[in-house]
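J.: Now for the letters of each chain:
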Amino acid sequence: MHELSIVCSIVELASQAAEGRSVRRVTIEIGTLSGVEPEAVAFCFPEVARGTPVEDATLDIREIDAKARCEVCGAEFPTPDMLSACPCGSRQFQRLRGEELNIKSIEVEEAA
Amino acid sequence: MCTSCGCQGQGTTMTNLQTGARAEIAALPEHDGVAHSHGSHGHGHFHGEHHHADDEHHAHGHDHSHAHARDRGGHDHAHEHSHHRVDLETRILAKNDAIAAKCRAWLAGREIVALNLVSSPGAGKTTLLERVIADLSGELPLFVIEGDQATSNDGERIRAAGAPVVQVNTGTGCHLDAEMIARALSELKPSVGSLLFIENVGNLVCPALFDLGEHAKAVIFSTTEGEDKPLKYPHMFSAAKLVIFNKIDLLPHLDFSVERARENILRVNPDVEIVEVSAKTGAGMQTLYDWIRAQRTAVKEQALV
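Chains A and B are the protein sequences, given in the same order. In terms of the working numbering, the first sequence is residues 1 to 112. In terms of the working numbering, the second sequence is residues 1001 to 1305.
Mixed in with the good hints there might be a few duds.
[Unchecked claim] Think about it this way: if two alpha-carbon atoms lie no more than 25 Å apart in a straight line, the pair counts; the simulated SDA-like pairs of lysine to any residue are:
1. B:1241 x A:69
2. A:104 x B:1089
3. B:1232 x A:89
4. B:1241 x A:63
5. B:1241 x B:1122
6. B:1189 x B:1139
7. B:1095 x A:63
8. B:1280 x B:1201
Calculated directly from the structure, the hints in this document are not laboratory data. Note that this is a predicted model, so its numbers are computed, not measured.
Kindly generate the complete structure, drawing on both the sequences and the hints.
T.: Written out as structure tokens, the structure reads:
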């Protein structure tokens, strides 16, 4: 369950960036080929966040579909798994996206 | 790692099997130290000390894109606050990767080749290391960081084989991370020009994601596993520079196609090198040693640039 470590990092990064304020929302990106299960991240988040500035926050997970560009025919095509080949049959391609594992932003509360 | 909430503040220990020195490793430090103390009270936060009147344990994580850290039970306490967005755009594993980069630079500066050995449990990592230590320790200094959830059984085997070893026990943790390696390196102190093996926790999933600052990941894949293992665990095979195909001495007794296994490995990672060995009989080990020697030469040349 490496997602636990991932969530620990998310909570730590968000807590530091909040600089003492309470966090309302944490937005992250998870690529479909990142090796991280969004469901497992969502499952761990509440317990890891408990007792931190992030404990009241909503976790927004944006899943990013994987896409690659074929080095043979030049086409861009979706790669839903690690084994997909280009429709032209080539296995030589460059991944354009789908491996993201980023924390995009947080929303913090400012006292009025 | 803390068994209550998963944070890695507690539970990871490091033992120098030469000196017996033992230390706790806070692999990922506690959550900014805010209201989340893991003191002698024994992880009580999970069981109630931070509970609020409107708080209750609730099912969570079933929504694929939303998880609320805490159900506020309908109480809206945000009405008197304004919200402010802070853009981060940070890789979630940035901290691990930064520590890994430091380890990598430290190792490179000392011309040490560090190989991160990963496999399923039982693929033969420790037996392979015993053989390597027996065969190569006359040629170059060898050091080992031994990762397991619990026990120093494997570490003791390595020590008996003759290599200095630091055992890292991850508790419930399923992989080694860069902080553990940084701490283990400061304890182990591998010498200039040595060969360092990091025997990761037996697990083909989690270790794929964590850069340890190693020179290369080597997957040990044995003939007693399914030929389709590379297809089932593509991340690990895709992250590897070398596949050590182990237990070839058992092939006459198994219904296992080496050809199909190789095809599957190359399907996931067309650039990977594959060596076929038996750590038990020693067959094929010279090919592995030649590969290791080539890596050492490359690391030395790199150091001169």
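J.: Please verify whether residue 1095 of chain B and residue 63 of chain A have alpha carbons no more than 25 Å apart.
T.: 22 Å, holds
J.: Measure nothing beyond the straight line between the CA atoms of residue 104 of chain A and residue 1089 of chain B; if it is 25 Å or shorter, mark the hint as holding.
T.: 4 Å, holds
J.: Would the pair residue 1241 of chain B and residue 1122 of chain B pass a check requiring their Cα atoms to be no farther apart than 25 Å?
T.: Answer holds: residue 1241 of chain B to residue 1122 of chain B is near 21 Å, not above 25 Å.
J.: Would you mind confirming whether the straight-line C-alpha gap from residue 1241 of chain B to residue 63 of chain A stays at or under 25 Å?
T.: Outside the cut-off at roughly 28 Å; violated.
J.: Can you confirm whether the C-alpha distance between residue 1241 of chain B and residue 69 of chain A stays at or below 25 Å?
T.: 23 Å, holds
J.: Between residue 1189 of chain B and residue 1139 of chain B, is the straight-line Cα distance small enough, at 25 Å or below?
T.: 19 Å, holds
J.: Does the alpha-carbon distance linking residue 1280 of chain B and residue 1201 of chain B stay inside the 25 Å limit?
T.: 21 Å, holds
J.: Can the restraint linking residue 1232 of chain B and residue 89 of chain A be considered satisfied, given a maximum Cα separation of 25 Å?
T.: 21 Å, holds
Figure legend: structure checked against the earlier numbered hints; the only hint not met is number 4.
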